[in-house]
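Sequence order for the protein chains is A and B.
In this text, residue positions in the first sequence follow the working numbering: the first is 1, and each later residue adds one.
In this text, residue positions in the second sequence follow the working numbering: the first is 1, and each later residue adds one.
Mixed in with the good hints there might be a few duds.
[As the list claims (entries may be wrong)] Taking beta-carbon pairs under 7 Å as the criterion, some of the chain B residues facing chain A (in silico):
#1 Ser138
#2 Ile182
#3 Asn186
#4 Lys205
#5 Val234
#6 Ala237
#7 Tyr240
#8 Pro363
No lab work stands behind these hints, which were simulated from the structure alone.
The beta-carbon is built from N, C-alpha and C at its ideal position, and this holds for glycine as well.
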Amino acid sequence: MRQISSFSKFIKKSVMLTAVCGVLAACGGQAVHNSAGVATVSQDPSRTGAVAGVGIEGQDIQAMTDQMMRDMLTNPMLANAANPPAIIVDSGFFVNDSTQRMNKDLITNRLRVNLNRASMGRMVFVGRNYAGMVQQERSLKREGVVDTATRGTTQAQAGADYRLGGTIASSDSRDARTGMMQRYTQITFEMVDLERGVIVWSGIYELSKAAADDVVYR
Amino acid sequence: MQKSTLLATVAICGLVAFTPVVADDSAALLALRSQPAVSQDALAHEQQLQARHDYLKTTLKAGGLSKAEKKQMKADLKVVKKELKAVKKANKKAQKAYDKRLASLTKNLRKQYGMGPYPAEISNFVADKPEVLKPFYSSLFIEGERNATLNLNRLGLAAMEAGYYGHAEWAFDRAIDKIEAIYADNPQAKAAKSKFKEESVKDFKGEPYERAMAYYYRGLLYLRIGDYENARAVFRAGEYQDSVSDLEEFQADFAVLNYLDGWALQCQGRSGEEPFRRANEVRPNLAAPAPENNTLMISELGAGPQKIGEGKYNEILKFEKDERFGETNARFIVENRTGATTEFTNEIASSVYWQSSTRGGRPIDGLLEGKASFKETTDAIGDGLATVGTGVALAGLASGDSDAALIGAGVAIIGGIFSAVSASSKPQADTRMWDNLPDLVTVSTGAFRSVGEYRYSTVYSGPHGDIASPSEVYMMGAGDTCGIIWTRSRSALNVPESSPGARMTWKKMRKQKKRVQQKDMNFRNWLLVEAPIDTLQAELR
């Protein structure tokens with residue numbers, strides 16, 4: 001009887017041990033770095049990033065255009081000239097040299113609209129993108145199809161003193177071990193004198209973002 | 001018949017009589033949803049009666065009426081009250097009947113389709129889409145978020161070939177948005193790592209070669225309209241997608257993307273020297289185009305790689321070359337208005353199969369290996385315990401030892417549990433694939449006065465000479481400085497409605513978690529608003 005009891009205990013222990021071993025063995029897998037991924041984090045671009053991130057987003061466009069607008073309004077050549085300078089702010093010479101597809105007008109339109117509102121006449125903006133529209137009306141006036149309205153006529157459409165140029169550039173990198181992706185984006189804004197080619201104002205905006213996809217996507 | 005009774009009858013009968021006779025419950029549900037539970041007339045009548053009732057009551061309460069007026073008003077009130085009660089009852093009944101019908105239809109549909117989409121929703125969605133793209137839109141709608149990127153890619157390529165460039169641009173833009181979205185702490189991605197879920201439960205983003213090809217096609221569409229800056233941006237971003245290769249020698253070796261990066265720069269009037277050099281390093285046959293060349297001729301050959309699962313449990317993702325087609329090169333025949341022809345022999349710029357097969361190991365492979373090992377181990381333990389347990393139990397029964405029989409039975413049951421756990425673990429690799437991709441991408445360039453002034457045809461050849469196959473030009477376009485001609489030896493439209501193995505059965509779809517089904521419903525609602533409709537006719541090729 002005692003023999004049977006000890007056999008039964010042995011079997012029970014064996015079953016339990018086998019079960020535990022089985023579970024431990026079965027659950028074993030290869031450890032993967034950072035398997036859940038890391039949500040996108042904004043970083044201070046003046047410091048070295050852990051590894052940085054992804055592209056320009058709405059909040060970046062707002063922040064950069066606000067910063068550039070404030071900076072331009074403190075430039076005496078642009079905002080405190082005796083005669084308000086005529087300026088073109090559009091995306092014609094604003095080059096996207098980054099790895100992100102984008103509509104550059106999002107940046108230049110916001111900059112122009114806010115500058116126009118904040119400068120209160122200290123700068124005059126030439127709508128070169130509307131040149132066709134203006135020419136159409138001028139022709140109708142000169143052909144006598146319509147009258148000259150209230151502002152009279154001029155010899156030609158307005159020329160510009162300055163025009164915005166700039167570049168959006170980026171540098172991408174990836175850490176193969178952790179799957180972290182990093183993008184440093186640099187946006188430069190320059191106001192160029194359209195007679196002499198002199199750059200009368202420059203601004204720069206930098207951002208660096210890092211993120212990692214879940215391991216199942218790496 | 002009193003007016004109230006008549007309206008009540010109309011309200012109830014309206015539901016039955018004005019519900020169109022429909023082929024299936026989903027159409028009936030849509031028709032029911034499109035009409036009010038209670039007819040506008042019945043509701044208006046109720047409001048009128050209520051207002052009359054309130055007026056009479058207030059006037060009587062205010063007093064100052066003659067006896068005769070009072071008597072008349074009281075009589076009116078009695079009639080109005082009775083009629084109002086009847087109308088309210090009828091409207092309530094109509095609402096109840098409506099709700100009941102709605103609940104019954106929904107219940108029937110949910111039994112079969114879960115939270116959808118239901119057949120009528122699918123046919124309504126594709127109704128205003130171009131005929132040729134309907135199967136692709138249908139898949140996009142049915143398969144939801146999980147296969148959205150896959151279906152957008154398939155749709156984009158099909159639309160590009162069919163000349164629906166608005167649809168193609170929309171599809172590739174949305175696909176790239178999803179590829180670039182960061183999936184961190186994503187529940188479906190987390191589920192894909194579980195031992196009891198297949199890898200394919202995750203939302204599809206594609207392997208690096210598939211991601212890179214989405215950028216490649218978007219770039220070609222940018223080149224078509226002369227947006228060289230964005231074209232260059234996406235070619236470079238596509239090449240970055242290819243930088244995940246395990247082996248450094250194969251990182252960023254997608255030569256065609258480097259070549260096109262250089263081409264887009266050249267079209268901007270800038271130097272493409274560096275990307276052309278990178279392309280040349282990977283493919284020595286790819287020389288930088290002459291500076292005066294302004295037209296890019298791309299021809300895609302064969303069919304892209306097939307994904308298969310290898311290993312005991314199909315846990316290892318492998319790529320197979322699709323050997324069905326023999327073409328290995330293309331020649332463009334360009335004919336001017338006088339009938340004179342010039343021939344351009346394309347150079348192979350990239351092989352999509354090569355890109356897929358040089359990717360190396362994926363981090364997820366370790367997890368799948370762990371899942372396979374778990375399945376194998378639990379299976380072995382289950383088998384072992386079941387055998388030992390059964391043996392001990394039988395021996396116990398034979399010897400009349402009830403303790404031993406009991407222990408044996410217990411061991412066998414534990415073995416059974418292990419076997420069940422093994423059976424429910426799912427280590428299979430995700431083999432969903434972008435099935436209308438080509439294999440070889442070939443390029444040549446030429447200097448033409450204007451792209452539209454010439455006629456183009458393509459001759460495809462293999463090791464044994466020319467191959468008779470379609471030589472149609474699928475896309476032709478030009479910006480201020482450069483033009484593009486794009487052809488394929490095999491049609492991107494000649495694929496099944498759904499990519500092989502990508503679509504779940506309805507049973508599996510309706511058994512998905514409610515959260516997942518809700519996400520798909522939201523995706524479908526988004527599609528109903530955002531997807532382009534058939535207003536953009538196929539543009540002139």
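These are the hints, each one checked on the structure:
A hinted interface residue such as B/Ser138 counts as satisfied when its beta carbon comes closer than 7 Å to some beta carbon of chain A; here the least separation is about 26 Å, so the hint is violated. Evaluation of the B/Ile182 hint against chain A yields a held restraint, the C-beta minimum of about 4 Å falling below 7 Å. A cut of 7 Å between beta carbons decides the hint on B/Asn186: the least distance to chain A is about 6 Å, and the hint holds. Restraint check, B/Lys205 versus chain A: the minimum CB separation of about 5 Å is within 7 Å; hint holds.
Hint status for B/Val234 relative to chain A: holds, with the closest Cβ pair at about 5 Å, below 7 Å. The interface hint given for B/Ala237 holds, since its Cβ lies 4 Å from the closest Cβ of chain A, which is under the 7 Å cut-off. The beta carbon of B/Tyr240 comes within 5 Å of a beta carbon in chain A, closer than 7 Å, and the hint placing it at the interface holds. Against a cut-off of 7 Å between C-beta atoms, the interface hint on B/Pro363 holds, since the closest Cβ of chain A lies about 5 Å away.
Hint 1 from the earlier list is the only one contradicted by this structure; the remaining hints agree with it.
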